[in-house]
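Starting from the known structure of chain A, fit chain B onto it as the hints suggest.
So the sequences go chain by chain: A and B. Per the working numbering, residue 951 is the first one in the first sequence, and the count goes up by one each step. Per the working numbering, residue 951 is the first one in the second sequence, and the count goes up by one each step.
Treat the hints as calculated values from the structure; they're not laboratory data. Given the structure is predicted, the values throughout are model-derived calculations rather than measurements.
No copy is singled out in the list; a pair is fine if it fits within one copy or between any two copies.
Here are the simulated DSSO-like cross-link-like pairs (lysine-lysine), alpha carbons at most 27 Å apart as the crow flies:
| id | residue 1 | residue 2 |
| --- | --- | --- |
| 1 | Lys-1202 | Lys-993 |
| 2 | Lys-1212 | Lys-993 |
| 3 | Lys-973 | Lys-1018 |
| 4 | Lys-1018 | Lys-983 |
| 5 | Lys-1018 | Lys-1006 |
| 6 | Lys-1202 | Lys-1142 |
| 7 | Lys-1212 | Lys-973 |
| 8 | Lys-993 | Lys-973 |
Number of protein chains: 2
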Amino acid sequence: MNPGLIIYTLSDSVGNTAINVAKSALAQFPSHKVPIKNFPFIKDDQELLAILTRAKDREAMVIYNFAKLDHVSLVESFQEEHDLFAFNLLTPLTEYLADRIGHAPSQEAGANHQLNQAYFDRINAMEFAVQYDDGQDPNGFLQADIILLGVSRTSKTPLSIYLANEGFKVANLPVMPESTIPNQIYQVDPRKIIGLTNSKDLLLAIRKERMRAYGLDDNMLYSTQERIEAELDFANQLYQDLGCFTINVSNKSIEETTAIIKDYLSQEE
Amino acid sequence: MNPGLIIYTLSDSVGNTAINVAKSALAQFPSHKVPIKNFPFIKDDQELLAILTRAKDREAMVIYNFAKLDHVSLVESFQEEHDLFAFNLLTPLTEYLADRIGHAPSQEAGANHQLNQAYFDRINAMEFAVQYDDGQDPNGFLQADIILLGVSRTSKTPLSIYLANEGFKVANLPVMPESTIPNQIYQVDPRKIIGLTNSKDLLLAIRKERMRAYGLDDNMLYSTQERIEAELDFANQLYQDLGCFTINVSNKSIEETTAIIKDYLSQEE
Chain A
951 MNPGLIIYTL SDSVGNTAIN VAKSALAQFP SHKVPIKNFP FIKDDQELLA
1001 ILTRAKDREA MVIYNFAKLD HVSLVESFQE EHDLFAFNLL TPLTEYLADR
1051 IGHAPSQEAG ANHQLNQAYF DRINAMEFAV QYDDGQDPNG FLQADIILLG
1101 VSRTSKTPLS IYLANEGFKV ANLPVMPEST IPNQIYQVDP RKIIGLTNSK
1151 DLLLAIRKER MRAYGLDDNM LYSTQERIEA ELDFANQLYQ DLGCFTINVS
1201 NKSIEETTAI IKDYLSQEE
Chain B
951 MNPGLIIYTL SDSVGNTAIN VAKSALAQFP SHKVPIKNFP FIKDDQELLA
1001 ILTRAKDREA MVIYNFAKLD HVSLVESFQE EHDLFAFNLL TPLTEYLADR
1051 IGHAPSQEAG ANHQLNQAYF DRINAMEFAV QYDDGQDPNG FLQADIILLG
1101 VSRTSKTPLS IYLANEGFKV ANLPVMPEST IPNQIYQVDP RKIIGLTNSK
1151 DLLLAIRKER MRAYGLDDNM LYSTQERIEA ELDFANQLYQ DLGCFTINVS
1201 NKSIEETTAI IKDYLSQEE
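Bound conformation, chain A alone (with noise of 0.2 Å):
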């Protein structure tokens, strides 16, 4: 491996798209640490050619977004001179659509960000979800557009902010044999509702651990299990009655659930 290899995200906007891309593609090599260096907000010829220059001279692979078209021809006349893999996110995609459309792309930087409603929307239902977190003020479920019900360590909130950037309005509860059900749990649409549950086993592994760093011995185990078994059987009960859709989070990432409930929420439509 050359030591030296390091990925430059070039664009005209912010660069998260092509930063999301290059982290995409190092992902494939998990026992390798490649760095990438971000350089937004590209504004001139003059800036963009000494980027390009140093790309060369560093070797680092290219990955860039230009909505600006001049910006395109630069690297491209650039990549006819010297060296350099350089890879086109958007164009390929643009070109296509304009011709589909009929229609040349407004070539506007950042157009990706435009302060339109979607945007607020987005920003609200953001705020929405720190609001409404854990359950904080039960009025919330009423306003809501998902309400996610779940047991312990079922990452509810960052489960709420993923959703809420999608631009859902999103409440949580967390659901434990002790907790009481606020009866606006009872009174929405159960297609709103998303129960969390998770594995027995790995709720088990996770208490064992803390018991572990508290200094507590393996005499509690017992008890920890039949604990667990009453939570999950609780919530199952709940979700149960509700009749919402359930989803077992163990071994799912936050970007995992977030795809099977947009998916679950787009077949009820």
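Structure of chain B alone, referenced to chain A:
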């Protein structure tokens, strides 16, 4: 415009990378609504072939991100026989990386969402952001990587969450002339503090709008103007006393402000 134009995103994982690239391309055509239909978790050839056939019949534009090279080969051989636009997001990059690194890609689907340390750090950072939002507990300031101070309407909460998604532990505090600034703010390294400001005109427009909505008359405008000036003066004086970095967020998207903060922090290193 073809009224039926649709983008299909295909992936053997959740498909977020392909969806983001599709959105980035569509943002160049703001007056056209083109739906995106995501096909996540594609597992076998039969499923993939069915989706490709549907895409061809529907004349869909395809963007695909497959870790498994067999899937890529299947798309390519399908394209040899049928007329289908399909953009390969990953393989051009992984082939170049494999060449430079001297290792084959893992071909493991969803490798970007592995439940590794970075993933758990990100999840913890999100929970931190929610817990220490809005100055709820001043002890958060001592543990935070970034402290956001902000006058009204500076999107402190969503900004905290975006930075959390990058792995930073963020606490935020609203700043008003009536606020008591917690001692902890004076105890932390000022390079961790970001002071958010807003433009006077934008704040005035928002309050005017609010007065109209409440049916109040314009006589209150002068006092409102005075009030906004007092808020901004108080904040600017505080930021100057702390010697912290400041950003005027008016007309900036959360993504842009996030990029500016990351850029500032990387210079500090």
